[in-house]
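Chains B and E are the protein sequences, given in the same order.
Residue 1 is where the first sequence starts when you use this note's numbering, and the numbers rise one by one after that.
Residue 1 is where the second sequence starts when you use this note's numbering, and the numbers rise one by one after that.
Warning: the hint list may mix true and false statements.
Said to hold, decoys possible - A few chain B residues that face chain E, going by a derived Cβ cut-off under 10 Å, partial list only:
1) Val86
2) Gln90
3) Gln97
4) Ile101
5) Phe112
Hints listed in this document are in silico derivations from the structure and should not be mistaken for laboratory results.
We put the CB at the ideal spot given by N, CA and C, even for glycine.
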Amino acid sequence: MNDSYQNRAAVAEPALQVALASRSDNFYLDVKHSFASTGITAIFGPSGSGKSTLLSMLAGFIRPNINGVIALGNDYWLGNGRYLAVHQRQVAYVTQQAALIPHLNVEQNLAFAQRRAGPRKSAWRSIGTAKAPVSSQRIARQQAAEMFGIESLLQQQPRDLSGGQQQRVAICRAALSNPRLLLLDEPLSALDAVSREQVLQALEAWHSARATPCLYVTHSVHEVMRLADHIVQMQAGKILRHGRAEKLLCDPTIAIGDPGERGAIVYGELLNETAADGLAEIKLSAERSLLCSAGTAHLHRGQRLRARIYARDVSITLSEPDDSSILNCIPASILAIHSIMGGRAMVALDIKGQTILALVTERSVDKLSLRTGCSVFAQVKGIAINGARAEPIANVENSNEITA
Amino acid sequence: MSSNDWLALWLTAKLATVSTLALMAIGIPLAWWLARSQFRGKAIIEALVALPIVLPPTVIGFYLLIAFAPDTAMAKAWQAAFGRPLAFSFDGLVLGSIIYSLPFVVQPLQSRFEGISRATLLSAASLGAGPMDRFFNIVLPLSKRALLAAAALGFCHTVGEFGIVLMIGGSIPGQTQVLSIALFDHVESMNFRSAHILAMLLLLFSFISLLILYAKGAKTARVVQRGEPFDE
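With the rest of the complex left out, here is chain B (with noise of 0.2 Å):
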């Protein structure tokens, strides 16, 4: 079931090899990584630790001054004798002002990046470059501002426009400019919740038909459980840790975020058409599954999607109760049981090789005598459900490194 999404991966860029050290003032960043050369990677972390220093760094805005490099497979950005600009550099960098041109309309905007997209290699080639005519170049503007809900906006001056708004068309700007890497700066932080969910719901879908690797800056767990493929966790200027999103959000000894907004990714397939009840059931593995409210979204028979379970959503019991509202009740073992502040815990479930995690009371804890390794049921009241992009899930079950 796997094979269709490995291809994408094979076709994308090298990873990005990131050797970073500057000093400015009281502030040392000093980071070493390779980033993945797929998907969203959440560079998470409190403010001043330096997520948006790297970001500056990694689209040539600012130079590190002790020592640098940075390169896309053997393509040195900075480092081996080269250091290019941000123009040369084929980044497309948003932050949470749009920062749209003034004087041209949004049309003319989208128009600005394509007339500027360089030869590139990601998937937005074959419908929009440099050297495309202007009528392909229209046709890939209507599609990108499709995909970003803007089409009714084409006309408009920025001005015009609401905060949201103004995001969506930086964003489809910036993919419409080819980007060998997409930079998000906290590109939902200036939004209020509904133009939030706008960007999100624009991001997924973009996200899900592209692969062009993204890194994404931001401190909300609710953002990186929504979008992140990887997680590098930052603090005081270091990585802290770093390794697929659904790995390390799934450990309970690593804080990440209040772990009230915190949860679980699952990935799984659509079985069967949304039911009459407007519920839709995900098939995790062989033996588990999981009914959900599908909303409103649009899913077909073998779509693979990705679901968030928040981990206040998930309850314990030892046996399996008939009597309950809650449909999903799965059996389950426990991972890990991790004491978090105010009494509670942080349990890790494996459901069959994917792990979920539980937010209970130490006292249930105690009540229900759970230890690591007891079998019981999970009761999974709210799944949050999305198309899954094409990630190859193969990468799921072989990257089990979590670098502390």
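With chain B held as given, fit chain E onto it using these hints.
Frame of chain B, contents of chain E only:
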């Protein structure tokens, strides 16, 4: 108006046009550099550019007169390059006008350039736009009004120049006798009728120019007065 007065009018228009073109050619890159540079000695350049606003024009004229004397290196180089002397010549007036009107061109441009969002330019760079591309396709189109204001102020200020011309020009008809000088000569020789005509001409020209500039938009006027950034 006498034929000499017509000649003075023509000379004034020519001087202001040539000076304005030169001022824009020098002022635009200088203003951009001043707006973006982190250079420590920048304040010295800014103060030098602004000097003509506060200095009596005769002071500038005095030093230029000394610099233009035929035995200076500058005058010799000019003579060698163009085959004409600098002192009491049209060329000398153009040089004097450039120095005298430079702040009126540089300041509105600099304050506009400083108002252009750095984030806009950085994100355009990340989309593949190089420095020249950004300057010509983003900075200049966003500065249309300030460019107009700078050119108009440079032109009008050159037309209104007197002290420097008096020091370095002499009063050679067709060469260095501009309107303001011709007016001065008329008054000196008690020829008040002609003086009235020239004075009224200059007054109307200046008023109408400023009227057009301010009516073009309160925004332009703001830039000129207080140097506030604005978006067009």
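Provide an ascending list of the numbers of those earlier hints which the structure does not satisfy. Result: no hint breaks.
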